[in-house]
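Novice: For reference, the chains in residue letters:
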Amino acid sequence: MRSPLSRARGYGPAKDGVQTFLAERISAVALVPLSLWFVFSVAQLPAASYTAVRHWVAAPSVAVALVLFIATLFYHSSLGVKVVIEDYVAGEGKKLVALLLVKFIHAALGAAATFAVLKIALGS
Amino acid sequence: MSSPAPQARPGVNRPLSPFMLGQYYRFQLTSVLSLMHRVTGVGLSVGTVLFACWLVALAGGPWTYASFAKHLTAWYGQVLLFGWSWALLYHLCNGVRHLAWDLGYGYSIPAVYRSGYVVAALSVLLTAAAWGIAYVR
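Those protein sequence lines, which keep their order, are chains A and B. Taking this note's numbering, the leading residue of the first sequence gets 1, the next gets one more, and so forth. Taking this note's numbering, the leading residue of the second sequence gets 1, the next gets one more, and so forth.
Bound conformation, chain A alone:
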């Protein structure tokens, strides 16, 4: 009788790698059109003009696209930085603190950005 351990040994820890791998790719696919749209739309904006930029964000289609862009961007960014921390931060304690910090910062920035778009789009 061979225990399944002999098959698992030597292949590294079986944590949640596959899920993260897929989530990173799926968000990447979504970010291709969203990022291109964002860069080339903003390039056409007079960035210094408050009224022009605000008018652009307030348009329903732009606001929806921006909310999607923000959600996907911050999600993808947090997954990417997570991998970098896992690669370079030595020590489980330090790594855990860094991972939590990065998650919280991404969540806070994403929430603030989303709220800003909604505030503009819903008017006030």
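Bear in mind the hints are in silico, worked out from the structure with no lab data behind them. Since this is a predicted model, take the numbers as computed values, not measurements. Heads up, some of the hints might be wrong.
To be verified - Here are the computed distance ranges between Cβ atoms for each label pair:
#, chain 1, residue 1, chain 2, residue 2, range
1, A, 123, B, 99, 30 to 40 Å
2, B, 28, A, 115, 37 to 47 Å
3, B, 70, A, 33, 30 to 40 Å
4, A, 97, B, 75, 33 to 43 Å
5, B, 67, A, 118, 16 to 26 Å
6, B, 73, A, 59, 21 to 31 Å
As the list claims (entries may be wrong) - Computed cross-link-like contacts, DSBU-like style, restricted to lysine-lysine with a CA-CA straight-line distance of at most 35 Å:
#, chain 1, residue 1, chain 2, residue 2
7, A, 103, A, 119
8, B, 70, A, 82
9, A, 94, B, 70
10, A, 119, B, 70
No residue lacks a Cβ here, since even glycine has one placed at the ideal position from N, Cα and C.
We have chain A; now place chain B onto it with these hints.
Specialist: Below, chain B alone, put in the same frame as chain A:
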């Protein structure tokens, strides 16, 4: 970040990775592009702070926005934005290259080099196009 240098055999002083670069280690297009994917990714993550600040400033009203946009239109703001736009477009192009690899395409060495050159050129062209639009507008 600051892990002690690994010493497989104490007493044997071999050059370690970071000091090898350039001196003993010859860079290749493939490794440089791979490195740049990670570097631009981290840079873009830092840039998301600016992106969020931009939207928050915009929601804050004309005075808040003016004090923020002042930095965006200044020379250093334009330099940063140029860097970020290239980083985004490079990461995007090379990301598509990675997605193709994930699907099992383009693994031969000539194909890897070809796609590498395409990605480098395309990222520069797209950046030039975006800034062309921004300045010609």
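Novice: Taking the earlier hints as the rules, which of them does this structure contradict?
Specialist: As far as the earlier hints go, only 9 is violated by this structure.
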